[in-house]
Amino acid sequence: MILIWMICILLSGGILCWLTAQRLPLLAKWIALLTVIADMLIACWLFRVYEAFPDNTSWFINYQANWIPSVGISFHVALDGFSHLLLLLTFFLGILSVLCSWKEVREKTGFYFFCLLWSLAGISGVFIAMDLFLFYFCWEIMLIPMFFLIVIWGDARRRYAAYKFFIFTQVGSLLMLLAILALYFIHGRQTGNYTFDYFGLLHTVTDGATAKWIMLGFLFAFAIKLPVVPFHNWLPDAHSEAPTAGSLLLAGLLLKTGAYGIIRFVLPFFPEASVSIAPWMIFLGVTGIIYGALLAFSQTDLKRLIAYTSVSHMGFVLVGIFSFSNIAMQGVVMQILTHGISTGALFVMAGMLKERLHTRDITQMGGLWTSMPALGGVAILFTMASAGLPALGNFIAEFFILLGAFAGNPVFSVIATLGLILSALYSLRMLQKVFMGQQTVTVPVKDISTREFIIMAALSISIVILGLFPQPVIDTVRHLSTIHPSIHE
Amino acid sequence: MEQYLYLIPALPLIGFLVLSLAGKYLSRNFIAGIGAGSVCVSALITIILGVRFLQSPPGTVYTQLLWHWFLTGHLSADLSLRIDALSLIFICIITFIGALIHIYSIAFMRNDRDYARFFASMNLFVCAMLLLVMADNLVLLYLGWEGVGLCSYLLIGFWYETPANYRAANKAFVITRIGDTAMIIGLFLIFKELGTLYIPDILIQSTQHFNSGSATITLIALLLLSGGIGKSAQLPLQTWLPDAMAGPSPVSALIHAATMVTAGVYLISRMHTIFELSPLAMHVTAVIGAVTLFMAGCSAMVQTDIKRVLAYSTISQIGYMFLAMGVGAWSAAIFHFFTHAFFKALLFLAAGAVIETLHHEHNIFKMGGLRKEMPVIYYTFTIGAAALAALPLVTAGFFSKDQILWYAWSAGGGHPALWALALSGAFITAFYSTRLILVVFWGDMKTTPGHLPSGIMTVPLIILAFFSIAGGWIEWPHNLLHISLFSEQVQQVLPVTQLKPHLPEEIVFQLIAVVVSLFGIYTGYALYYRQSELMTLWRQSANVMTVRNFLLNGWRFDQLYDTLLVRPFLFITRINKSDVTDKLYTGIADIHLQLNKLFSFFQNGSLRWYVAGVLIGILFIITLQLLL
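Those sequence lines, one after another, are chains A and B. Going left to right, the first sequence walks through residues 1 to 489 as full-length UniProt numbering numbers them. Going left to right, the second sequence walks through residues 1 to 628 as full-length UniProt numbering numbers them.
The hints are simulated quantities; they were obtained by calculation from the structure and are not laboratory data. Warning: the hint list may mix true and false statements.
Said to hold, decoys possible - Only pairs whose alpha carbons sit at most 20 Å apart, straight line, appear in this in silico EDC-like list of lysine to aspartate or glutamate:
| no. | chain 1 | residue 1 | chain 2 | residue 2 |
| --- | --- | --- | --- | --- |
| 1 | A | Lys354 | A | Asp447 |
| 2 | B | Lys577 | A | Glu355 |
| 3 | A | Lys103 | A | Asp475 |
| 4 | B | Lys577 | A | Asp447 |
| 5 | B | Lys366 | B | Glu488 |
| 6 | A | Lys433 | B | Glu161 |
Claimed, not checked - If we take Cβ atoms under 7 Å as the criterion, some of the chain B residues that face chain A in the derived model are:
| no. | residue |
| --- | --- |
| 7 | Phe70 |
| 8 | Tyr166 |
| 9 | Thr181 |
| 10 | Phe188 |
| 11 | Lys192 |
| 12 | Glu193 |
| 13 | Thr196 |
| 14 | Phe571 |
| 15 | Arg574 |
As the list claims (entries may be wrong) - Now the stretches of chain A that chain B is said to cover, found in silico as 3 or more residues with beta-carbon under 8 Å:
| no. | segment |
| --- | --- |
| 16 | 339-351 |
| 17 | 385-391 |
| 18 | 454-463 |
From the three backbone atoms N, C-alpha and C, an ideal C-beta is built for every residue, glycine too.
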């Protein structure tokens with residue numbers, strides 16, 4: 001029940017923001033902030049439930065209520081360690097996204113926070129839904145408010161970016177809907193029990209070819225979200241045109257729903273089919289790592305550059321998932337968390353720079369370290385995180401993934417490792433263009449304010465803690481090794 | 001004592017944290033106190049630890065577990081420190097020389113705007129290097145390894161406003177990253193084969209798991225070697241080091257003497273079992289060392305920038321260490337690291353003092369006549385240069401280099417060709433050391449000196465000069481004196497050097513080495529002090545000048561990489577800036593737009609068009625009916 005409350009708090013908080021913002025815009029901001037903080041507190045409180053649970057490897061919260069019983073749709077939500085981590089990430093980045101919109105959004109404040117909170121509600125719904133219909137429902141809920149965030153508060157090319165984002169993800173969603181329906185009917189015909197329930201459908205017997213097609217339906221939706229090269233083209237446009245909070249949510253959370261979907265649905269539903277497609281997926285993952293990094297290196301738009309680094313980093317996720325190695329799988333979870341934090345931080349930094357300089361073009365920046373020493377320090381920290389420097393969380397993630405993948409696929413793993421060199425190249429280029437050299441900007445720029453300091457401090461501390469004390473995360477997702485029969489220690 | 005091990009890296013780390021977070025609120029004296037103080041206290045703890053260690057029975061190992069880093073399946077790594085004789089030597093050098101460099105920097109950097117940032121990065125550098133040598137598993141070692149890379153980036157590009165500086169910083173980071181990537185692939189391979197990354201386990205298990213000379217162990221050894229080559233600036237990844245002197249002089253001293261470039265030497269000697277299992281990797285190490293020492297030495301002969309001369313000499317001296325390790329003379333390599341640290345730190349700090357006094361003049365041919373003006377610097381620098389040139393018996397450099405020359409021929413992996421290269425390197429080193437002294441300190445004064453360095457800068461120089469002389473006396477050649485304090489310690493960890501049978505007398509080699517060094521010194525004296533006519537003749541000859549420029553540019557490796565790698569890379573990224581796959585989707589969108597245009601052309605509101613359409617439709621259906 002507590003999970004339903006979390007979503008309801010977000011939904012009603014969103015409506016409240018919309019209603020109050022006309023008269024009291026400041027109050028709306030505070031409502032939005034407190035809503036997400038309340039959810040964060042609940043998610044933290046869930047730790048106690050988690051620890052009290054004797055077998056801390058499985059679903060420790062499971063709630064089911066009837067919704068449309070005649071067609072087998074129920075309101076089924078459940079939480080295991082993996083989902084719990086993702087919820088924590090969602091609310092953590094949610095709080096920061098509200099904070100970084102504090103000054104940036106000046107018009108239609110109420111509707112803005114409504115969209116932000118509803119999008120967060122959709123994302124958290126995706127992470128806990130255990131009914132495929134409910135999952136699809138939440139999948140769409142997170143998409144539409146995000147579309148509005150981009151199209152209303154975005155930058156110059158916001159319409160193009162928003163439509164592109166919408167069409168890409170919608171094509172994927174529709175294929176997934178078809179796949180869900182196919183699974184529903186096959187299962188119904190076999191057992192006579194028509195249900196959308198996750199655990200009900202889990203062991204549907206399908207023959208090889210059918211399983212493959214249905215799997216591709218799911219995989220396509222998730223591959224677009226992740227994104228997998230060559231379906232990544234919506235990402236740089238959407239990320240660069242979205243407002244800062246939008247980019248933060250897109251990079252930090254929306255991409256992760258793709259990874260989550262593959263781990264939660266594709267692998268357990270279609271074990272054989274996913275093994276048969278694994279080499280192709282690893283190939284695409286490696287392609288993404290290299291291709292994304294090459295593109296990131298050449299960009300002159302700061303947010304676009306960061307967006308392409310996401311493509312590169314998400315390639316690691318794909319490689320990790322389809323290596324079917326327990327270590328790699330834990331690396332994937334680490335990558336999901338740490339990429340959310342580090343790339344989120346870079347987007348927040350880009351937002352701060354844009355607020356001050358009114359440009360995203362790095363050729364017009366330079367020498368900003370002199371006037372913004374604190375932001376420069378933070379930038380070094382997070383570009384180094386992005387380049388996989390040990391002691392920061394991303395290293396653990398990429399190390400696990402590459403090490404895990406090496407046992408089964410040494411060649412691909414080695415090529416993926418070359419991505420580390422490329423990541424150094426684009427990271428250093430970014431630092432150099434923005435912070436090094438002679439200061440070219442003539443307008444006086446201020447270093448970070450207290451609000452910005454809080455955002456950056458929270459992100460910095462969490463990335464260092466994840467890098468030095470990753471064990472709690474690893475323990476939480478230990479059970480993922482049982483998710484797929486061919487995952488081995 | 002074991003429970004205080006963590007303090008050695010933790011103190012510089014605390015220094016870093018305090019200075020980087022609160023640096024702008026602190027006074028300069030306080031910053032200097034924290035920055036230099038933290039490393040000095042670390043050095044004191046190390047000395048106490050070292051004394052205890054010497055008193056304890058041979059083979060003692062200190063360990064301290066800080067916390068479990070991660071554990072999943074078989075893969076585990078802890079933040080755990082381990083000190084044996086080998087790491088202790090490195091820790092001593094890092095903290096002791098690091099402390100002296102920090103003290104020197106208090107005065108050297110006094111007027112810099114970013115005083116706190118400087119000391120913060122220096123402290124982090126020391127901390128990372130300490131973690132590297134104290135790590136008990138390869139993941140923690142890699143943490144220190146990458147940390148060193150980051151700090152070198154921060155410090156080489158310390159004056160980030162000048163393009164040359166941040167380019168040098170980028171270059172250092174990227175080139176060492178290439179080596180690091182090879183190394184981490186080596187880690188994956190070790191884990192795949194042995195299922196552990198804990199260093200003592202790897203060393204024990206590799207002898208049981210692998211046959212000597214098997215392909216896998218050779219591959220592992222070569223991958224680790226590539227990591228070492230990157231950090232230690234050996235061929236073919238040496239090009240970052242000459243540019244790295246863009247940073248402040250104390251940074252160069254730290255990079256060249258105490259940290260960074262010696263990391264490769266540490267890695268190889270730490271993983272010596274793996275290398276010993278692979279004769280091929282050992283040969284490769286020796287050959288790379290020998291070729292590097294010769295090539296870098298040649299480049300050092302013609303440089304005009306005082307710090308570039310020293311930079312190339314570092315590459316060359318590290319080459320000696322690689323050569324020694326490659327032939328199996330482990331303790332000689334470590335001994336050369338030990339003595340080299342003192343005189344190279346001394347040379348860089350003294351060079352920094354000269355450069356500061358001469359208003360940031362780097363060109364040695366615009367210096368000169370400083371012998372009388374700055375006597376302390378002159379004498380200390382001369383001692384450093386003499387040690388570099390391996391002046392017999394009175395300098396530390398002699399004792400270590402003599403061993404390497406001897407083993408290059410006589411040790412198990414030795415070869416006359418390696419010895420010949422090493423010997424010609426000895427001549428070259430002696431030559432350019434002499435050249436440096438004569439051009440910088442003798443002759444006519446060309447630039448008037450400004451403020452002379454203060455006491456806080458000269459005291460570290462004097463201490464280092466003392467060790468550049470006395471540091472060698474703890475290990476004598478066997479045929480001269482039976483003092484081998486150093487190798488006794490090292491051989492607790494590293495294997496004893498095996499000699500070939502039927503060798504000539506060691507004294508013959510020593511005499512040859514001495515003669516060659518002295519001849520190098522004389523050549524330098526003849527060419528640069530007596531201003532021989534040969535020089536003017538060479539200056540006019542086009543061929544000689546071509547060779548000179550070739551060497552001046554470091555055998556044109558930069559140009560080679562620029563053509564082979566950098567430009568193709570830039571070209572590929574430039575032409576694909578707007579992402580070629582996007583064409584596919586814009587193509588789909590365009591097709592739809594075209595179709596839209598086509599169909600909207602028919603829907604034009606003109607009744608005649610519609611009637612015609614209906615008629616064509618009817619005709620079509622009727623025809624179908626008739627035909628079918």
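Against the structure, the hints come out as follows:
Distance hint between A:Lys354 and A:Asp447 is fulfilled; the C-alpha atoms sit about 13 Å from each other, no more than 20 Å. Pair hint B:Lys577 plus A:Glu355 does not hold up; C-alpha atoms about 26 Å apart against a cutoff of 20 Å. Proximity of A:Lys103 to A:Asp475 is assessed by CA-CA distance (about 39 Å); at most 20 Å being required, the pair is judged violated. The suggested pairing of B:Lys577 with A:Asp447 is violated, with an alpha-carbon distance near 32 Å, which exceeds 20 Å.
Of the pairs offered as hints, the one joining B:Lys366 and B:Glu488 is violated, with about 47 Å between alpha carbons and a cut-off of 20 Å exceeded. Between A:Lys433 and B:Glu161 the alpha-carbon distance is near 11 Å, which keeps this suggested pair within the 20 Å criterion. Annotation: B:Phe70 was flagged as interfacial toward chain A, and the flag holds, the nearest CB pair being 5 Å apart, inside 7 Å. Of the supplied interface hints, the one on B:Tyr166 holds, with its beta-carbon coming within about 4 Å of a beta-carbon of chain A, less than 7 Å.
Nearest Cβ of chain A to the Cβ of B:Thr181: about 5 Å, under the 7 Å cut. The hint holds. Against a cut-off of 7 Å between C-beta atoms, the interface hint on B:Phe188 holds, since the closest Cβ of chain A lies about 4 Å away. Given the 7 Å rule on beta carbons, the hint for B:Lys192 holds: about 5 Å separates it from the nearest Cβ of chain A. At a threshold of 7 Å, the smallest CB-CB gap from B:Glu193 to chain A is about 10 Å, leaving the interface hint violated.
The interface hint given for B:Thr196 is violated, since its Cβ lies 12 Å from the closest Cβ of chain A, which is over the 7 Å cut-off. The criterion of a C-beta within 7 Å of any C-beta in chain A is not met by B:Phe571, whose closest approach is roughly 10 Å, and the hint is violated. Hint status for B:Arg574 relative to chain A: holds, with the closest Cβ pair at about 6 Å, below 7 Å. Coverage of the segment 339-351 of chain A by chain B is violated in this model, with 0 residues showing a Cβ closer than 8 Å to a Cβ of that chain against a need of three.
Counting residues of the segment 385-391 of chain A whose C-beta lies closer than 8 Å to any C-beta of chain B gives 3; at least three are required, and the coverage claim holds. Counting residues of the segment 454-463 of chain A whose CB lies closer than 8 Å to any CB of chain B gives 0, so the stated coverage by that chain is violated, three being the minimum.
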